[in-house]
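Number of protein chains: 2
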Amino acid sequence: MSSLFAVLMAGGSGTRFWPASRGARPKQLLPLGGEVPLLARTSARLGDLVPPERQLVVTGAHLVDAVRAMLPDVPAAQVIGEPAARDTAACVGLAAGVVGRLDPDATVVAMPADQLIAPEAAFREHLLAAESALAAHPTRVLVFGVEPTRPETGYGWLRRGASVGTFGGKEVFALDAFVEKPDLARAEAMLEAGGHAWNAGLFAFRPSAMTAAFAEHLPQLHEGLLPVVEAWGDAAWTDTLAARFPTLHKVSVDKGVMEKLSDTLVLPLPLDWDDVGSWTALERLLDADAAGNVTSGDAVVLDGRDNIVSATDGGVVAIKGVDGLIVVHTPDATLVCRRDDAQGVKAIVAELEKRGLRRVL
Amino acid sequence: MSSLFAVLMAGGSGTRFWPASRGARPKQLLPLGGEVPLLARTSARLGDLVPPERQLVVTGAHLVDAVRAMLPDVPAAQVIGEPAARDTAACVGLAAGVVGRLDPDATVVAMPADQLIAPEAAFREHLLAAESALAAHPTRVLVFGVEPTRPETGYGWLRRGASVGTFGGKEVFALDAFVEKPDLARAEAMLEAGGHAWNAGLFAFRPSAMTAAFAEHLPQLHEGLLPVVEAWGDAAWTDTLAARFPTLHKVSVDKGVMEKLSDTLVLPLPLDWDDVGSWTALERLLDADAAGNVTSGDAVVLDGRDNIVSATDGGVVAIKGVDGLIVVHTPDATLVCRRDDAQGVKAIVAELEKRGLRRVL
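Chains A and B supply the protein sequences, listed in that same order. With the working numbering as the guide, the letters of the first sequence map in order to residues 807 to 1167. With the working numbering as the guide, the letters of the second sequence map in order to residues 807 to 1167.
In short, the hints are calculated from the structure, not lab data. One should not assume that every hint holds.
Note: identical chains are not told apart, hence a pair may lie in one copy or across any two.
[Said to hold, decoys possible] Taking lysine-lysine and the DSS-like style, the derived pairs with C-alpha atoms no more than 27 Å apart in a straight line are:
| no. | residue 1 | residue 2 |
| --- | --- | --- |
| 1 | K1126 | K1152 |
| 2 | K987 | K1160 |
| 3 | K987 | K1126 |
| 4 | K1152 | K1066 |
| 5 | K1061 | K1152 |
| 6 | K1160 | K1126 |
| 7 | K1160 | K1061 |
| 8 | K987 | K1061 |
| 9 | K1066 | K1160 |
| 10 | K987 | K1152 |
| 11 | K1126 | K1066 |
| 12 | K987 | K1066 |
| 13 | K1126 | K1056 |
| 14 | K1056 | K1152 |
| 15 | K1056 | K987 |
| 16 | K976 | K1056 |
Produce the entire structure from the sequences given, and follow the hints as far as they go.
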């Protein structure tokens, strides 16, 4: 029997999906490009291989109730609400400690809660392969390398080194280097050269290995987490978490730990993967009509091409004579921007905050 | 003391203001370009000259409750709900008959309930002038000619003839001809020539004169209206109206009566006038920002010029990187179209109907 454990990292805010995403309903709780919220799909994708009782969800404190309602089979204590956002290192360090208490011999797979991966059976095969590789190399950390399909400049990349062997039928490699978000020329070169993959924030480790890595590379954060991990499941848990967590060093697990390790493994993940990063993701997740329009909900497009239109909560969007726009309707707010400026939503959110319109954020 | 009576024609549907306008909340009930609904502004504009007890409102049967709530000082029996839309001739014929019963010697001013006219005091001076002209010419009908400010092809025009005299300080003319909606060249020629005005659907008459005109030019409609007028104020009113009104000949008062009269008067109306005909009216009613954007409600425009944005019911619209658009948000529907295609809203409404989305119409 497998001893796989999953950590679902559900702490993001997803402002690029405003107005659908809000503080109390961030991207991972939205059914983007489908009918089931991304977090619920991430949990269900693990199937019987990592059932809910072996899942740990780390999210914002204000989202704990919503997450527990969405994932009722995940034990309540395993939905952890961060009282303050401290980036991914604190999240992963805490999760490694908590899983270590539940099952010191577990293999932990950590993953963002807001991605889409298919086919699901093949994904689970790769989780088993990772477990197998870490059984042979229990002190190392393994990162999944998403097979790149375009010269994407928005992600970090991974360059793999020599083969380490085949595990669960999958070849595993030594990691040669993390590559920072590249410029287009470099991204194109990596895509053409092969041997490179996207760093999707999906990785696996034994709790002891990650804890040791934290102790070495983020000793202060490691020390700060010890009493929090110890309090988990106790009466002191809530108070300890509230007192300690907000004081922890704020750094990403990539910067703070992963990039400092010298013997990381890479397991290529040649699957359909999408980080659902902005409204333009809908063009990959939904079928376009003959005029290139992608619509979600009740949308009417007259005399228009290549628009992305989303009508949430039973609303209706009607557009006429416009091309290449993103139009999103929610009951209390509407967004219109250019499809080639999907990142501009961040600027809109900042402006709304500045104008005192937090009621729709 | 004046014996002026006003008929407020509030039967329109105003689909060009979708999604703000709906079947149950048409244009005249909306506070377009201000904070007070157009119907309420039309009623209030009459001031003490024609107080609510001498106003008659003809609207759709489904709007009677909303109109009575909006105009509580208009006697309930003087808010008449048409059980079916039969165009303006039936409306005017019925109103002439009802006012004739209330005060056979009244001078009736009929006006659409969804226009803006300013200054209000000057408007009332023109109503007094019309009354004075009709006191001298009680068998004639008088139309108000709105001074044209642009070569508008969307309205019918009036060509005036010889002066008939000065009444209440205003010169009144014989009407030479109604001019159908002209092409641009003709509109420009009329604007340049002078002596022409827009037909805004504002006119005045004695009940006996209008009834005689109906008897002559629309005898069947006249006959059909007689029992309805007779039932007004009686127990039989509701049933009679419901049984008779929907069978009446459907024609506009312009086509059916006015254009057939030979001795109509014209009173020039050199005032600010707006028929609030489509969303582009907001550009005339509201101040634009430095980039030419006109906004109503909480609207944020980033990197965009010359947009018309309306956020109703406390909602928020945020747009970025787009120019020359109309964007309207309501809680259950959003519209986006080009500013130079404001009439296209009609096509959108037709398409929504076709798609079975009547819930937002």
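Homomeric proximity label, K1056 with K987: Cα distance no greater than 27 Å: So K1056 and K987 pass the 27 Å test inside one copy only (21 Å; across, 69 Å).
Up to 27 Å CA-CA - K1126 versus K1160, copy category: Classified as between; 16 Å across copies, 31 Å inside a copy.
Up to 27 Å CA-CA - K1066 versus K1152, copy category: Neither: 31 Å inside a copy, 63 Å across copies.
Intra- versus inter-copy proximity for K1066 and K987 (alpha-carbon distance at most 27 Å): Within. Shortest intra-copy distance 17 Å satisfies the 27 Å Cα cut-off; inter-copy 77 Å does not.
Intra- versus inter-subunit Cα pairing at 27 Å for K1126 with K1066: Answer is neither; intra-copy 53 Å and inter-copy 40 Å both fail.
Intra- versus inter-copy proximity for K1152 and K1126 (alpha-carbon distance at most 27 Å): Classified as both: same-chain Cα gap 26 Å, cross-chain 11 Å, threshold 27 Å.
K1066 and K1160: within-copy, between-copy, both or neither at 27 Å Cα: neither (38 Å within a copy, 61 Å between copies)
Within, between, both or neither: K1061, K1152 at alpha-carbon 27 Å: For K1061 and K1152, the Cα distance is within 27 Å only inside one copy (23 Å; across copies 56 Å).
Copy assignment of K987 with K1126, given that the CA separation must stay at most 27 Å: Cα proximity of K987 and K1126: across copies only (26 Å, versus 38 Å in one copy).
Homo-oligomer pair classification [K1061, K1160; C-alpha up to 27 Å]: So K1160 and K1061 fail the 27 Å test inside a copy (31 Å) and across (55 Å) alike.
Homomeric proximity label, K976 with K1056: Cα distance no greater than 27 Å: neither (35 Å within a copy, 78 Å between copies)
Same-copy or cross-copy closeness of K987 to K1152 [CA-CA at most 27 Å]: within (19 Å within a copy, 48 Å between copies)
Comparing the model with each earlier hint shows violations of hints 2, 4, 7, 9, 11, 13 and 16; every other hint is respected.
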